[in-house]
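4 protein chains.
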Amino acid sequence: MDTPDGGRVACTLEYTVDTPSEFVFQIAVTTGRAVHADEELSVTRDGAEIGAEVVPASHHGGRQHLVRAEPGALRVHYAAAVRRESAPPRRVSAPARVQALRPSRYCPSDRMGGFAARMFGGTDAEILRDVTDFVRGHLRYEPVSNATTDATDTLLAGAGVCRDYAHLVTALTRASGLPARVAAVYAPGLSPMDFHLVSEVAVDGVWRIVDATGLAPRASMIRIATGRDAADVAFSTLLSGGGLTMTHMEILAVADGDLPGDDPQAQASLR
Amino acid sequence: MDTPDGGRVACTLEYTVDTPSEFVFQIAVTTGRAVHADEELSVTRDGAEIGAEVVPASHHGGRQHLVRAEPGALRVHYAAAVRRESAPPRRVSAPARVQALRPSRYCPSDRMGGFAARMFGGTDAEILRDVTDFVRGHLRYEPVSNATTDATDTLLAGAGVCRDYAHLVTALTRASGLPARVAAVYAPGLSPMDFHLVSEVAVDGVWRIVDATGLAPRASMIRIATGRDAADVAFSTLLSGGGLTMTHMEILAVADGDLPGDDPQAQASLR
Amino acid sequence: MDTPDGGRVACTLEYTVDTPSEFVFQIAVTTGRAVHADEELSVTRDGAEIGAEVVPASHHGGRQHLVRAEPGALRVHYAAAVRRESAPPRRVSAPARVQALRPSRYCPSDRMGGFAARMFGGTDAEILRDVTDFVRGHLRYEPVSNATTDATDTLLAGAGVCRDYAHLVTALTRASGLPARVAAVYAPGLSPMDFHLVSEVAVDGVWRIVDATGLAPRASMIRIATGRDAADVAFSTLLSGGGLTMTHMEILAVADGDLPGDDPQAQASLR
Amino acid sequence: MDTPDGGRVACTLEYTVDTPSEFVFQIAVTTGRAVHADEELSVTRDGAEIGAEVVPASHHGGRQHLVRAEPGALRVHYAAAVRRESAPPRRVSAPARVQALRPSRYCPSDRMGGFAARMFGGTDAEILRDVTDFVRGHLRYEPVSNATTDATDTLLAGAGVCRDYAHLVTALTRASGLPARVAAVYAPGLSPMDFHLVSEVAVDGVWRIVDATGLAPRASMIRIATGRDAADVAFSTLLSGGGLTMTHMEILAVADGDLPGDDPQAQASLR
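Chains as they are written, first to last, in the working numbering: chain H, 1 to 271; chain L, 1 to 271; chain A, 1 to 271; chain E, 1 to 271.
Keep in mind the hints are simulated off the structure, nothing from the lab.
Given the structure is predicted, the values throughout are model-derived calculations rather than measurements.
Just so you know, even glycine gets a beta-carbon here, dropped at the ideal spot from N, CA and C.
Accuracy of the hints is not assured; some may be wrong.
Label-pair distances were calculated between CB atoms; the ranges are [said to hold, decoys possible]:
#1 Leu238/L x Ala117/E: 33 to 41 Å
#2 Glu40/L x Ala34/A: 36 to 44 Å
#3 Met246/E x Met246/L: 49 to 57 Å
#4 Leu259/L x Pro95/A: 46 to 54 Å
#5 His77/A x Gly61/L: 50 to 58 Å
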């Protein structure tokens with residue numbers, strides 16, 4: 001797979017806040033080892049900078065930003081220029097492996113073991129390929145899901161959006177005995193542009209990225225957050241308060257150089 | 001399909017009743033048109049006959065027996081010699097068709113439309129064949145279900161008993177647009193002997209019987225009750241009271257003459 | 001309860017049909033005994049009358065109208081002047097009682113027995129009153145539900161529309177051991193006007209009507225269809241085909257004379 | 001609350017392993033700050049020591065032990081003498097708070113927000129007290145649940161075991177906006193002795209322990225593992241392989257000195 005050497009990402013989120021509230025945002029890219037970023041984050045209320053507290057995420061070096069907002073116009077802006085070095089794919093650590101085998105809110109793999117056993121088998125690489133093909137063929141890309149939809153609902157409905165594709169791939173591979181989790185990413189080439197969710201599945205000790213939607217090349221994706229499912233990696237989570245309305249959302253993700261192609265049959269990893 | 005001309009069935013149910021209770025039993029065969037029965041029903045409490053009220057079932061000529069029992073030893077015994085005449089398969093009436101397309105408690109076809117559309121297609125006969133083959137291959141015969149298990153649970157678990165096979169066939173054909181329901185039957189040849197549940201699916205205007213378990217020949221089965229799912233055809237339902245324990249259950253079903261073979265690929269109907 | 005002696009109802013449904021399709025409509029009032037109607041039904045395709053087949057509903061004298069429509073503009077219009085005589089409330093028959101105790105698709109009472117037993121108790125009349133008060137206080141009237149929402153979802157969400165109020169009352173009373181079902185009605189006084197769904201619960205051998213929404217007086221309601229839950233009484237059900245779009249829907253329900261008041265604490269019955 | 005200064009704990013788990021398998025065990029106590037342990041761990045196959053790899057748990061200093069077992073008789077034995085110092089209750093860190101507000105597999109708080117909002121309110125301490133009282137009164141201690149039962153199932157069933165009590169308390173407080181998680185503990189005084197599961201809920205910045213079963217004094221409990229729900233803290237998780245049978249399980253937990261009393265109205269914290 002052809003590897004671009006970086007990209008630029010940005011997002012702007014605007015809210016009207018009516019009562020004092022706390023939020024956590026997960027919008028900053030995950031850096032480390034082979035990924036570096038020149039980044040800026042600005043959080044303003046009625047135009048005045050109010051700052052954010054950095055809170056480590058539970059997985060894999062991610063960062064969350066905790067914001068305490070009084071009533072007013074809240075604006076969160078993040079931008080980064082990302083440079084990436086060539087690096088071997090990330091190996092699966094023992095704690096990550098154990099955690100990625102446990103059932104989670106939207107990927108209840110404990111309920112799907114029989115279905116997975118009847119439908120998929122063979123080596124781990126074959127299971128990964130067959131689950132990906134199954135999900136790609138089984139789902140229609142339609143906005144039929146809501147915030148409480150889990151992978152079993154999606155399997156039955158035969159439709160969903162990127163969140164649902166990622167949950168179904170994750171749940172079925174996990175139910176087949178492969179460690180599996182999700183990653184929220186900036187995805188250059190995605191149209192319309194939005195935050196994107198993909199699966200990471202452990203095969204032969206290495207995390208492999210799966211995007212059954214096929215909507216953007218995997219090689220250009222830039223990791224934001226890693227978790228068991230969407231519950232862990234939401235771009236915005238209300239912690240306390242409430243009474244807010246999102247008024248504007250804008251996301252940018254551009255690869256340096258040409259957008260690479262993506263061969264769905266080839267394995268790829270997220271750095 | 002070779003058609004035996006009848007059979008003998010019987011069942012004995014014994015309970016210890018601790019508080020005054022009402023039950024409905026569905027254990028008498030459905031007669032009419034081409035099916036006749038010489039039958040006896042006895043309901044005793046501590047050895048004294050207490051009788052039962054006949055309550056019509058909502059589907060297809062079935063009979064329920066309502067029993068009011070004071071504390072004591074309750075015994076229900078039913079036996080019948082069934083004679084059947086050759087008859088064309090039963091045609092699907094308009095009211096039965098409409099009812100058999102509606103979702104029900106254990107066959108929530110409204111949740112499974114997408115799954116069914118992706119997995120099955122073609123003519124009604126092809127859908128029936130493919131759903132039957134899928135369920136036969138997908139399920140292991142194991143007692144993993146309980147009284148609240150529905151067809152979506154069974155699809156995910158990949159296992160179940162006759163109730164679950166019938167619910168999954170019914171739900172998937174119904175979700176594919178075919179009218180589908182269940183029938184509780186006496187099933188000569190079943191081992192171990194028990195009440196049995198099968199599906200009836202409308203194809204080309206005729207009710208076809210499906211038993212994806214393949215545990216007994218369809219031609220010998222004798223209908224007890226017909227309904228949308230197991231909720232309608234339970235052999236015993238507590239209406240009021242409670243505090244009872246089943247202490248004994250014995251079921252007999254014998255075909256007149258040799259037990260016929262059953263070609264799973266052939267269509268068959270229940271009279 | 002003050003009883004008006006009748007009312008006028010009407011509905012007009014318009015669809016664009018793209019492929020040959022079959023529908024069942026349940027829009028005609030249930031007549032009989034104490035309820036009479038002068039009614040007219042018109043079904044047209046591109047302005048030409050195409051007629052409808054009357055199909056008996058499974059409950060309580062209801063009528064369904066089956067329409068076979070070729071592509072074009074389908075219009076269904078129904079209007080009736082309803083006269084009602086004074087009559088004692090309807091007694092609960094044995095078959096209706098048995099059926100109303102069974103779990104159904106949207107009222108899965110078999111899953112809610114423990115919840116109901118902890119929350120409600122006493123006489124049947126007390127259970128009915130307490131369930132009604134609980135549902136009235138527990139739910140916010142908000143359109144959060146969809147076609148697959150059942151009573152357990154509604155209990156957890158704490159919100160819903162008339163369908164959800166009726167399902168939760170029905171499920172909780174049924175789980176408490178009272179026979180319970182739903183009725184689709186024309187409801188003079190409802191605003192905005194729409195088809196309405198209420199519960200009927202058996203207390204002391206009589207069907208009592210419950211509308212925990214309190215949005216319209218029960219005494220003026222006119223029964224259309226009766227069933228276990230919304231699956232049985234939908235005003236429109238697609239039987240085959242598809243590719244249609246509803247383009248217009250208009251409902252009228254007016255009581256003769258003044259709209260009566262409604263004392264939520266008083267028991268009432270639907271004729 | 002009277003605080004004992006320690007205790008002794010032990011557990012022995014025996015399995016027959018038929019195919020090469022990997023397990024993670026969570027049976028060692030969580031040490032740190034105010035809790036120390038003299039401990040021993042032995043893992044043998046057919047009597048020969050095979051060792052275990054220590055894998056950090058995702059929460060709060062817990063340890064998992066990963067065991068790779070060839071076919072044979074597997075025996076895991078752990079014992080520890082625990083000493084505890086007096087210490088102020090543990091404060092809730094920002095990452096722990098964020099994680100404890102997210103929905104999880106068995107505590108799907110995102111589905112229960114409306115129910116919680118209608119049933120509970122006031123200060124965080126009042127919510128904690130009222131949820132605890134509700135769960136204590138609402139549930140019967142009965143083994144009706146299985147491995148896939150979540151907090152919504154338990155709420156509906158009105159019954160469960162310690163796992164279910166902990167899940168329901170955790171889900172309802174979390175759905176009310178309080179950070180909430182579970183802790184697996186050794187519980188001196190529990191009868192019959194077993195691994196025990198309790199809730200930890202953040203009130204005024206401090207983790208408070210809740211045990212709605214009331215089956216053992218909270219002050220003597222010794223923490224093993226911490227997580228979002230039982231999926232995180234299972235004492236044994238199969239990672240790969242299978243074909244094993246548990247043949248023996250024995251657990252010991254004894255407090256130094258007399259077992260303390262426990263006032264259910266008083267707040268307590270786990271060290």
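How the hints compare with the structure:
1. Leu238/L x Ala117/E: 33 to 41 Å: Holds - the Cβ-Cβ distance for Leu238/L and Ala117/E, about 35 Å, lies within 33 to 41 Å.
2. Glu40/L x Ala34/A: 36 to 44 Å: Holds - the Cβ-Cβ distance for Glu40/L and Ala34/A, about 42 Å, lies within 36 to 44 Å.
3. Met246/E x Met246/L: 49 to 57 Å: 31 Å, violated
4. Leu259/L x Pro95/A: 46 to 54 Å: This hint is violated: roughly 35 Å between Cβ atoms.
5. His77/A x Gly61/L: 50 to 58 Å: 37 Å, violated
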